[in-house]
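Each protein sequence line maps, in turn, to chains A and B. End of the first sequence sits at 95 in UniProt numbering; the numbers just go up one at a time, nothing left out. End of the second sequence sits at 551 in UniProt numbering; the numbers just go up one at a time, nothing left out.
None of these hints come from the bench; they were simulated from the model. Any given hint could turn out to be false.
Taking lysine-lysine and the DSSO-like style, the derived pairs with C-alpha atoms no more than 30 Å apart in a straight line are [to be verified]: (1) K517/B - K379/B; (2) K318/B - K471/B; (3) K241/B - K231/B; (4) K231/B - K470/B; (5) K234/B - K33/A; (6) K231/B - K33/A; (7) K512/B - K234/B; (8) K241/B - K33/A.
This structure is a prediction, so every number in the text was calculated from the model and none was measured.
What follows is each chain in one-letter form.
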Amino acid sequence: MSRLSAVKPAYWISGVLLMVAIVVPLLVPTFAKVNPHLWGFPFFYWYQLMWVFLSAILVSISYRLLRTEERRRRAAQGLGDPDAPDAGTAKEGDQ
Amino acid sequence: MNTTVDWVQLIIVIAIFAGVTVMGFMASRWRSTGRLDNLDEWGLGGRGFGTFITWFLLGGDLYTAYTFIAVPAAMYATGAISGFFAVPYTIVAYPIVFIFMARLWSVSHRHGYVTPADFVGGRYGSKALSLAVAVTGILATMPYIALQLVGMQAVFETMGLGGNNTLAKDLPLLIAFAVLAAYTYSSGLRAPAMIAFVKDILIYLVILVAIFYLPHVLGGWDSIFGAAQEKLAKPNPATGKPTGAFIPGEAGYVSYWTLALGSAMALFMYPHSVTAVLSTKTRNVVRRNATLLPAYSLLLGLLALLGFMAIKANVNVKGLDGLANPQLAIPRLFDQEFPSWFAGIAFAAIAVGALVPAAIMSIAAANLFTRNIYRDFLKPSATPAQEAKVSKLASLLVKVGALVFVLAMDKTVALNLQLLGGIWILQTFPAIVVGLYTRWFHRYALLAGWAVAMLFGTISAYNVVNPATKKHFGGSLANIPGTSMPAYIALTAFVLNLVVVIALTFVFRALKVPDGKDSTHPTDFVADRGDPGVKDLPEIIDDGGAATAKS
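When you get a sec, could you build the whole thing from the sequences and use the hints?
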């Protein structure tokens, strides 16, 4: 584990973001209250609906970070782009 | 009540249903005309599904008709803890899925795994463990299919179909299911994928209209929440305690987050979720979808609030049998507050919404049976063609089984089993998800942990007695042993599962009990489409099942 510093920033940043997206919506005591209201919604209800968006944003950022890192890794290993339209047919020849 | 048939509603539902049926069969016709461009786009043959179609497919698969009935029903009956937990549940599900699902995609596509049990078998070299995972998956899926029918029944009942005649009561359900079985049989996974489009568009339309129109009619959000708060605070005549929780009190905190976390971890252990994920084109489709699927979570959250609207609107939830049935809250709310034609569209959305997951679930259960029971134990020499045939038949059998379940048994049996299913399926998490990262857990330790947790979960759930009806399986919450803190049984059992697995792994390692053969390689877990040895799985799943990957 002495090589922890070798972990690419993309991985640990995503890790932290994903942990936030998993843990914070589950901290019930932080949002189990009525006030402040928003558009007639008690805090408990609008706060959790807001987390739908926040969580989606956090996961999106992680996705972008990891995709960039994964592309770099694949390029370094000489592997193709899986999203290319002909990526699936390339291996047909191998079979 | 409602003994007269609402013809406007009925005609609209039949028309939409007929349209969807044609689509379901067309999914297979495209194939036989050999139009490969359509196969690539719509079907699973060859390429698999991209982000867009997967979004609809997974959305249609995970957010079932039953969800749409049950979540608001729970809100209506007991409020936030048993209802609104679905929102944090679907919020935290996607980061969790984001973390591990891409690895399962990669290893499955390199090894031709069709089911989660295939992976477990290959990873740990243990047919027994693979069987345990497969049986758990089948057991958890069957009642889930049955509940889709329950959702449909609630809609048919509200439309005024039924009455005292058993045949007339069940006929709509029989027809709907015969149609479903026929096109799943002929079109495989392509049928639900196509129908998911219709279902989702209808559902979004209905919810959006409901969310903007109904508060307007019912006097605004303030008065809706006010009515809910008042109703949920009223003491329950049987127990003297409040009917429900408007906002969880301190005693409900643990219940709330354990329900959310346990359900989130269980969601992608269900075989039908895995089937949909494995049918995608590349490793990252599922990750991209994890960023997009929360749109459905928002939908679900708004939908949950319809349960409060039903409180405000004072809907009549008495069923045909004269007993109060909260499951009728949403259909009755639509029936009461919407014009007939729009209520018809809403009912069609729910009915069609039952077909998509039911089809995928039956295919997934059939795959488990074919790959991990038929091939592994009954006929190891089965050819891919035989496997496909068995799978198709099994998918039919599963559906007939679910139908018999709903028609012959009391609805509560299906409900109880689905509740148990959620507890059971989470116990496959250590073998599947931990197995994606490390093989440190010993295969027999995993088997023992699974068995202990299954037993513990089942007994705990049985011991939950409904205070009003005095029946067993009264809910999914039980005190954590040794405390007076109620928590989701699935998660308590899961912790017990892990403890047993870790302890026994040390024991087995000390005793040098042999490990099974691991047929995976570390690079398998990051492989992507186009890499050497990566196969396109969809065409396998496509045939209703289970031919071995061509390699």
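Structure-based check of each hint:
Proposed proximity of K517/B and K379/B is supported: the alpha carbons are some 21 Å apart, at most 30 Å. Restraint check: the Cα-Cα separation between K318/B and K471/B comes to about 20 Å, which is no more than 30 Å; the hinted pair holds. Our distance criterion of 30 Å between C-alpha atoms is met by K241/B and K231/B, whose separation comes to about 12 Å. Between K231/B and K470/B the alpha-carbon distance is near 23 Å, which keeps this suggested pair within the 30 Å criterion.
This hinted pair checks out: K234/B and K33/A have alpha carbons roughly 19 Å apart, not beyond 30 Å. Only pairs whose Cα atoms come within 30 Å are accepted, and K231/B paired with K33/A is accepted, the gap being roughly 18 Å. This hinted pair does not check out: K512/B and K234/B have alpha carbons roughly 60 Å apart, beyond 30 Å. Under the criterion of a C-alpha separation no larger than 30 Å, the hint pairing K241/B with K33/A is consistent with the structure, at around 20 Å.
The structure fails hint 7 only (numbered hints given earlier).
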